[in-house]
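Here's the letter readout for the chains.
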Amino acid sequence: MKNKKNNNKRTVIILLILAAVIAAVPLFVLKGATFGGSDDAGSQMVSQITGGSYKPWFTPVIEKWIGGELPGEVETLLFCLQTAIGTAIIFFFIGRFYERKKMVKLSENKKEQVEDDNSR
Amino acid sequence: MTRKQRLILTIATALSVVFGIVPGAFAMHIMEGYLPATHCIVWGVVCVPFVIWGFFSLKKMLNRDRKLITVIAMAGAFIFVISSLKIPSVTGSCSHMTGTGLGAILFGPAPVSILGIIVLLFQAILLAHGGLTTLGANTFSMAIAGPFISFGVYKLCLFLRVNKKVSIFLAATLGDIFTYCITSFQLAVAYPSEVGGVTASLLKFLGVFAPTQLPLAVIEGILTVIIVIGLESYAKPELRSLGFMKKAETEMDGE
Chain A
7 MKNKKNNNKR TVIILLILAA VIAAVPLFVL KGATFGGSDD AGSQMVSQIT GGSYKPWFTP
67 VIEKWIGGEL PGEVETLLFC LQTAIGTAII FFFIGRFYER KKMVKLSENK KEQVEDDNSR
Chain B
102 MTRKQRLILT IATALSVVFG IVPGAFAMHI MEGYLPATHC IVWGVVCVPF VIWGFFSLKK
162 MLNRDRKLIT VIAMAGAFIF VISSLKIPSV TGSCSHMTGT GLGAILFGPA PVSILGIIVL
222 LFQAILLAHG GLTTLGANTF SMAIAGPFIS FGVYKLCLFL RVNKKVSIFL AATLGDIFTY
282 CITSFQLAVA YPSEVGGVTA SLLKFLGVFA PTQLPLAVIE GILTVIIVIG LESYAKPELR
342 SLGFMKKAET EMDGE
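As you go down the protein sequences, you meet chains A and B in turn. Numbering of the first sequence is given in our numbering, commencing with residue 7 and proceeding in unit increments. Numbering of the second sequence is given in our numbering, commencing with residue 102 and proceeding in unit increments.
To be clear, the hints were calculated from the coordinates, so they are not data collected in a lab. Worth double-checking, as some hints may not be accurate.
[Claimed, not checked] Derived DSSO-like pairs: lysine-lysine, alpha-carbon spacing no greater than 27 Å straight-line:
1. Lys337(B) - Lys11(A)
2. Lys337(B) - Lys108(A)
3. Lys11(A) - Lys111(A)
4. Lys11(A) - Lys107(A)
5. Lys168(B) - Lys117(A)
6. Lys11(A) - Lys256(B)
7. Lys256(B) - Lys160(B)
8. Lys15(A) - Lys108(A)
9. Lys11(A) - Lys160(B)
10. Lys347(B) - Lys337(B)
11. Lys347(B) - Lys265(B)
12. Lys347(B) - Lys111(A)
13. Lys168(B) - Lys108(A)
14. Lys266(B) - Lys256(B)
15. Lys116(A) - Lys168(B)
16. Lys347(B) - Lys107(A)
17. Lys265(B) - Lys168(B)
18. Lys107(A) - Lys168(B)
19. Lys337(B) - Lys256(B)
20. Lys337(B) - Lys116(A)
21. Lys347(B) - Lys117(A)
[Said to hold, decoys possible] Take a look, some chain B residues computed to stay more than 12 Å from chain A by CB distance:
22. Val143
23. Phe157
24. Arg167
25. Phe179
26. Lys256
27. Leu261
The beta carbon of each residue, even a glycine, is placed where N, CA and C say it ideally should be.
Just chain A, with the same shape it has in the complex (with noise of 0.2 Å):
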């Protein structure tokens, strides 16, 4: 059981090197690349299909209502705020299933003892 949970540990944490190596690695390896976005990319696709003549028949809501493009800063500030509605769910419940898992554990102990106790 114990060691099961050791492997896991392992697990968790190699695979999470993984994943921020995957991540990094175009960024040192493309030096001076733009990293825009492949939604760029996609317009630049649509553009070139049909000859630069699209135009998008609709701006997005947000951009209409403070009358041009969002601030990149704000943005940004926004990307972070979903991230962060994120986490906070995420690891609220995860502490609490943590807790849980301590109280019914020490709960079984007691009882046990309880047991033993009376038993002898």
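Dock chain B against chain A, hints included.
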């Protein structure tokens, strides 16, 4: 103002204009206004039955076991986190993942459509990323097609007795890639090439998206495995209630 100051000001302005023009667009979702109205409506209509199915199956799941709301919230939050992370890729552009594989593996594909729509609405309204007009098309690719493939791959792997972690990895990775294939297909149908028609366009769009997305799909697979390991160690009662873990099974078994 001295000449030097003016020069600096000019350079700063020029830089800010240049960076301001670069559209704040990131990969994955079809941009607002980039699909003809008929396509928007058709994709939207296609989504409706799936979303209704998803709503009812979510409701049924919650009626059966109220406590499952925690795991459902976590799967939704996972999509939130994963789809907000823009990661550089080998092609020199950035893209982000879908995160829908986890929900599909845990609950089956239908409920994920609801979770996916929430994320897509958030991004379409607040982030100008994706769009309201293309919501139908994006929902279909990210919240319906992707999860269905993930679910299918996962079940197939279990049937073939593939290692559970490997199954989860494959399901999440292939679901992510498939989402992009659908996106490419949707764009190709909307913009057939003059020579070669839809197929030629499809290949072109795939050529843009696929190399970027491939490494990211692998990362998504890895992250999904990690979160499942976490859930399996701490949320056993919920996973058992979902039928994801059998009663006797306490730890993720290799064989």
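Which earlier hints turn out false for this structure, listed by number in ascending order?
9, 25
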